[in-house]
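Line by line, the protein sequences give chains A and B. Each residue of the first sequence is one higher than the last, beginning at 238 in this note's numbering. Each residue of the second sequence is one higher than the last, beginning at 238 in this note's numbering.
To be clear, the hints were calculated from the coordinates, so they are not data collected in a lab. Being a predicted model, the structure only gives us computed values, none of them experimental. It cannot be assumed that every hint is accurate.
Below are the DSS-like pairs computed for lysine-lysine, each with C-alpha atoms no more than 27 Å apart in a straight line [to be verified]:
1) Lys529(B) / Lys280(A)
2) Lys601(B) / Lys408(B)
3) Lys600(B) / Lys280(A)
4) Lys601(A) / Lys579(A)
5) Lys280(B) / Lys531(B)
6) Lys531(A) / Lys280(B)
7) Lys601(B) / Lys280(A)
8) Lys529(A) / Lys280(B)
9) Lys524(A) / Lys280(B)
Ranges between beta-carbon positions, derived for each pair [what the hints assert, rightly or not]:
10) Arg526(A) / Glu366(B): 30 to 38 Å
11) Thr607(B) / Gly417(A): 54 to 62 Å
12) Cys416(A) / His245(B): 33 to 41 Å
13) Gly457(B) / Arg582(A): 52 to 60 Å
14) Asn343(A) / Asn343(B): 54 to 62 Å
15) His246(B) / Arg582(A): 49 to 57 Å
16) Thr599(B) / Gln309(A): 35 to 43 Å
17) Ala359(B) / Arg526(A): 16 to 24 Å
18) Val505(A) / Ala476(B): 52 to 60 Å
19) Val431(B) / Val505(A): 57 to 65 Å
20) Pro261(B) / Thr239(A): 54 to 62 Å
21) Gly605(A) / Val351(B): 42 to 50 Å
Where chain A lies over chain B, by a calculated footprint (3+ residues, C-beta under 8 Å) [as the list claims (entries may be wrong)]:
22) 276 to 285
23) 546 to 559
24) 564 to 571
The beta carbon of each residue, even a glycine, is placed where N, CA and C say it ideally should be.
Protein chains: 2
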Amino acid sequence: MTFRFQLHHTDADTGARRGTFTTPHGPVETPGFMPVGTQGTVKGLTIDHVASTGAHMILGNTYHLGLRPGHQTVRALGGLHAMSGWEGPILTDSGGFQVFSLKGINKISEHSVVFRSHIDGALIDLTPEHSMEIQESLGSDVAMVLDHVVALPAERDEVQQAMERSIRWAKRCLEYASCGDQAKFAIVQGGLDVDLRVQCARELAAMNFEGYAVGGLSVGETPDEMYRITAATTPELPAEKPRYLMGVGRPIDLLESIVRGIDLFDCVMPTRNGRNGFAFTDSGPIKIRNAKHKTDTSPLDDSCDCLTCTRHSRGYLRHLFIAGEMLGPTLLSLHNLTYYQKVMRGAREAIQADRLAEYIATKKSQWGIT
Amino acid sequence: MTFRFQLHHTDADTGARRGTFTTPHGPVETPGFMPVGTQGTVKGLTIDHVASTGAHMILGNTYHLGLRPGHQTVRALGGLHAMSGWEGPILTDSGGFQVFSLKGINKISEHSVVFRSHIDGALIDLTPEHSMEIQESLGSDVAMVLDHVVALPAERDEVQQAMERSIRWAKRCLEYASCGDQAKFAIVQGGLDVDLRVQCARELAAMNFEGYAVGGLSVGETPDEMYRITAATTPELPAEKPRYLMGVGRPIDLLESIVRGIDLFDCVMPTRNGRNGFAFTDSGPIKIRNAKHKTDTSPLDDSCDCLTCTRHSRGYLRHLFIAGEMLGPTLLSLHNLTYYQKVMRGAREAIQADRLAEYIATKKSQWGIT
Numbered sequence: 238m239t240f241r242f243q244l245h246h247t248d249a250d251t252g253a254r255r256g257t258f259t260t261p262h263g264p265v266e267t268p269g270f271m272p273v274g275t276q277g278t279v280k281g282l283t284i285d286h287v288a289s290t291g292a293h294m295i296l297g298n299t300y301h302l303g304l305r306p307g308h309q310t311v312r313a314l315g316g317l318h319a320m321s322g323w324e325g326p327i328l329t330d331s332g333g334f335q336v337f338s339l340k341g342i343n344k345i346s347e348h349s350v351v352f353r354s355h356i357d358g359a360l361i362d363l364t365p366e367h368s369m370e371i372q373e374s375l376g377s378d379v380a381m382v383l384d385h386v387v388a389l390p391a392e393r394d395e396v397q398q399a400m401e402r403s404i405r406w407a408k409r410c411l412e413y414a415s416c417g418d419q420a421k422f423a424i425v426q427g428g429l430d431v432d433l434r435v436q437c438a439r440e441l442a443a444m445n446f447e448g449y450a451v452g453g454l455s456v457g458e459t460p461d462e463m464y465r466i467t468a469a470t471t472p473e474l475p476a477e478k479p480r481y482l483m484g485v486g487r488p489i490d491l492l493e494s495i496v497r498g499i500d501l502f503d504c505v506m507p508t509r510n511g512r513n514g515f516a517f518t519d520s521g522p523i524k525i526r527n528a529k530h531k532t533d534t535s536p537l538d539d540s541c542d543c544l545t546c547t548r549h550s551r552g553y554l555r556h557l558f559i560a561g562e563m564l565g566p567t568l569l570s571l572h573n574l575t576y577y578q579k580v581m582r583g584a585r586e587a588i589q590a591d592r593l594a595e596y597i598a599t600k601k602s603q604w605g606i607t
Numbered sequence: 238m239t240f241r242f243q244l245h246h247t248d249a250d251t252g253a254r255r256g257t258f259t260t261p262h263g264p265v266e267t268p269g270f271m272p273v274g275t276q277g278t279v280k281g282l283t284i285d286h287v288a289s290t291g292a293h294m295i296l297g298n299t300y301h302l303g304l305r306p307g308h309q310t311v312r313a314l315g316g317l318h319a320m321s322g323w324e325g326p327i328l329t330d331s332g333g334f335q336v337f338s339l340k341g342i343n344k345i346s347e348h349s350v351v352f353r354s355h356i357d358g359a360l361i362d363l364t365p366e367h368s369m370e371i372q373e374s375l376g377s378d379v380a381m382v383l384d385h386v387v388a389l390p391a392e393r394d395e396v397q398q399a400m401e402r403s404i405r406w407a408k409r410c411l412e413y414a415s416c417g418d419q420a421k422f423a424i425v426q427g428g429l430d431v432d433l434r435v436q437c438a439r440e441l442a443a444m445n446f447e448g449y450a451v452g453g454l455s456v457g458e459t460p461d462e463m464y465r466i467t468a469a470t471t472p473e474l475p476a477e478k479p480r481y482l483m484g485v486g487r488p489i490d491l492l493e494s495i496v497r498g499i500d501l502f503d504c505v506m507p508t509r510n511g512r513n514g515f516a517f518t519d520s521g522p523i524k525i526r527n528a529k530h531k532t533d534t535s536p537l538d539d540s541c542d543c544l545t546c547t548r549h550s551r552g553y554l555r556h557l558f559i560a561g562e563m564l565g566p567t568l569l570s571l572h573n574l575t576y577y578q579k580v581m582r583g584a585r586e587a588i589q590a591d592r593l594a595e596y597i598a599t600k601k602s603q604w605g606i607t
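Work the whole structure out from these sequences, hints included.
The following block contains the structure:
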C-alpha cells in the first residue's frame, strides 16, 4: 500500500494523537507542520535550508503553480519534486482557498468556479476535475479536493449551500480517474456552525479518502471559535486517517488543535512573519527591528540550533533588516520554521510520554500566554 | 609576521603571478577574486553559501557600514568578522569610491571630503584618518587608504591634482596610529594618463604599504584602456607585494589583468548580474528569463558543482525569476560566484603549469570572444 497512517500513541489526558503518515516520498511524523512553498519554493530558502529545519512535508499551491509556470510546464520539468529539488513528501492544495479569496472576480456554478488570473487577467474555468488534473501534473503526494470556501461571517443558507457543494465536488474529485501514488484528502466545510460541520464530516467520512482536512477556518474568526469548530469536527472523522487543519496558525493554535485531534498543519506565518522581521522564540515573540537589539550580541533564541541562531547575533539580524538586505528575511524565515518544527517535535515527544498538557502549559508560560 | 605574500611561480610566457597572501584570518590564494559584501553580507547568500563558492577573502564597504549600522555598532558586535560570521580574511575599501561617485553632494579639501549621507542627509566629514579609524573598528584584515577618485574623462590638471592628493592622503593613512593586525594597501590613481600613473605608483611604492591597488578604473573607459593603464602601472609596484585591481570586472577582464601582473580582484558583477537573471557559464552568458529555458531540464552549467547546478534546472530557475521569488537571485548569485572562483582556480593552475596563455585562449573560445 502506497499510503499508510499508523497511530503510535494517544495522549492519556488529552486524546492527542502521535502517528506516522507514510507517502511515496517518505514518512511524515505527526503531529507535523508543513512549510508553505507557494510557487514551488519556500520563500527565501534553499531546499537544504528547508530540510535543515526538520520539515518532513511541504505544501505547494495549485492556484499559483497552475497559473505560473503552468501545470504542463511543471510536468515537463519532471513534476514539483524534480522541479523544486525537494525529495520529501509534498501536499498540494486545490486552489479553492485562493480562488474564493479573490473577491469579486469569480463566478460560482455547480460546474466550476470561473475567475480571472491575477497575473494576466485571463479567464480560468476551474472544475473539481481540472483541479485534480493540475495536481496530478504537479505530482504531489497528497492532492486536496476542490472546495467552496465562504468568507465569514455569512448567512447560514450560504454556508450550507457551499458546504453541500463542497461535498458534491469532493465526490467528483474522488471519481476523477486517479493515479495510485497520489492520496486525496477531503475538506470539511460548514463555517462556524457545528451542525453543518458534523453533517459535512459524516458525509465525507463515508467516502474513501486517504485523509481529511478541516477547511474554511483561520479566516478571521476568534481562536476560541476555531478551537470549538475543530473540537466538534474531529470526532466525526475516521480515527485511522490523518486530519489536517488548513492554514493554521500561531504556535499556540497548533498545540490547542493537536489537543483537539489534529495531525497536520500548514501556515505561511513562520515565513511571512520572518520576512517582516518577526521571530518566534521560547522567550516569546521578537521584533528584530526594535532599537534595543542594535548592539545585542546574543542569538535570537539561546536554545535553537538553526544556522541563524548558531551563527548570528540579534544586532546583526537587526542591521540586515534596517539595511534592507535579503539575508535578513532568509535568516528569520529559517529560524521561524526551525522553531515551528521544534514545537511540533516537542509535542510528539510529549504525547508519547502522556505529558502533552504539561508541555502546553510550559509553552504558554514561556510565550506569556495566560 | 602577521602578513606575508609568497610568490610561488611566475608564468613563463606572460609573467602572471601565482602566490599566497597570508592574513590573520587565513591565506588568500592569488590570483584571487573577492565577493563583495557591501553591507556586511554578500547579497542573498548565507556565509556557508559564500564559503561553498571557494572564496577566500570577501570585501566590505566602509562607506556603507560606516553609515549603517555605524562603525561603533560594528565594533560593539565584535567587528565585521564576528558580526557577519565570516571567519576568513576581509578587505575593506576606504569609502573613497562611493563618496566620489555621489555626484554633486561632496566638497573636497586637503583636509577631507564632506558629503551627505544617502540615508538621512546628515553631513559627514571624512578625513583619511577617519577612514582608517572606521576600518579599524570594522576590524578588517586589509584596510584601503582614502583616495581621491576622479570621474573620467577629465582634464589632466584635475586628474593630476587628485592623484597628488591621493598620495598625500595615503601618507596620512600610513601615519595614522595603526593596529598591527591590519594591513594597509595604497591606491594608485592617475586616470588614463600613463605618466601620472607611473609617478603615483613610484611615490607610493617608496612607502611601506603591505599591498598596492590600481584604483579609478572600470569607471567607463574601454577594456583596452584599462588593460593599457594596468600594464603600465604594475611594473612600477614592488614585486614582493600583492597587487589589487579595484572593482574589476568581467571574467575576461580578470584574465587579461592577471596577465598584466594583478593578483587580487573584487566586483559586484557576479552577484548584481545574478540578481538580474544573468548567469556566467562555460558556454557563455545566459539570460535565464529567456522563454527558451521554460521547459529546459538541464542545469545552468554542466560542469559546475554548485548547489544551483547540481540541484536545479534552467526551467526552474527561469520560473523563480518570472515569479519574482527571492530564491532566483540567491541561486544565480551562488552560481556566478562559484563560476568566478572556478575561473580563478583555473588561472592559478595554469600559471603554475606555465600554460596561462593557452588557458585564456580556451576560455575566450568558450565565451565566444574573438
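So, going through the hints one by one against the coordinates:
1. Distance hint between Lys529(B) and Lys280(A) is fulfilled; the C-alpha atoms sit about 25 Å from each other, no more than 27 Å.
2. Using a Cα cut-off of 27 Å, the hinted pair Lys601(B) and Lys408(B) is violated, with the two alpha carbons roughly 41 Å apart.
3. For the proposed pair Lys600(B) and Lys280(A), the alpha carbon gap of about 36 Å is over 27 Å, so the pair is violated.
4. Among the hinted pairs, Lys601(A) with Lys579(A) is consistent with the structure: their alpha-carbon atoms are about 15 Å apart, no more than 27 Å.
5. Restraint check: the Cα-Cα separation between Lys280(B) and Lys531(B) comes to about 26 Å, which is no more than 27 Å; the hinted pair holds.
6. Taking the CA atoms of Lys531(A) and Lys280(B), the gap is near 21 Å; set against the 27 Å cutoff, the hint holds.
7. Of the supplied pair hints, the one linking Lys601(B) and Lys280(A) is violated, its CA atoms being roughly 37 Å apart against a limit of 27 Å.
8. The suggested pairing of Lys529(A) with Lys280(B) holds, with an alpha-carbon distance near 25 Å, which does not exceed 27 Å.
9. For a cut-off of 27 Å, the pair hint linking Lys524(A) to Lys280(B) stands: about 22 Å separates their Cα positions.
10. Judged by the Cβ atoms, the range 30 to 38 Å given for Arg526(A) and Glu366(B) holds: they are separated by roughly 33 Å.
11. Checking the proposed 54 to 62 Å range against Thr607(B) and Gly417(A) shows it holds: the Cβ atoms sit about 57 Å from each other.
12. Hint check: Cys416(A) to His245(B), Cβ distance near 60 Å, so the stated range 33 to 41 Å is violated.
13. Restraint check, Gly457(B) to Arg582(A): a C-beta distance of roughly 56 Å satisfies the suggested window 52 to 60 Å.
14. As the Cβ distance of Asn343(A) to Asn343(B) is approximately 56 Å, the hint placing it in 54 to 62 Å holds.
15. Separated by about 54 Å at the C-beta atoms, His246(B) and Arg582(A) satisfy the suggested range of 49 to 57 Å.
16. For the pair Thr599(B) and Gln309(A), the supplied restraint of 35 to 43 Å holds, since their beta-carbon distance comes to about 40 Å.
17. The hinted range of 16 to 24 Å is satisfied by Ala359(B) and Arg526(A), whose Cβ atoms lie roughly 20 Å apart.
18. Checked against the hint of 52 to 60 Å, the C-beta distance between Val505(A) and Ala476(B) comes to roughly 59 Å, which is consistent with it.
19. Restraint check, Val431(B) to Val505(A): a C-beta distance of roughly 60 Å satisfies the suggested window 57 to 65 Å.
20. Take Pro261(B) and Thr239(A): their Cβ atoms lie about 57 Å apart, and the range 54 to 62 Å holds.
21. Between Gly605(A) and Val351(B) the beta carbons are some 49 Å apart, a value that agrees with the proposed interval 42 to 50 Å.
22. Only residues whose beta carbon comes within less than 8 Å of a beta carbon in chain A count, and the region 276 to 285 of chain B has 9; three or more means the coverage holds.
23. Under a criterion of three residues with beta carbons nearer than 8 Å to beta carbons of chain A, the stated coverage of the region 546 to 559 of chain B is upheld, 9 such residues being counted.
24. Under a criterion of three residues with beta carbons nearer than 8 Å to beta carbons of chain A, the stated coverage of the region 564 to 571 of chain B is upheld, 4 such residues being counted.
Hints 2, 3, 7, 12, counting from the list given before, are not met by this structure.
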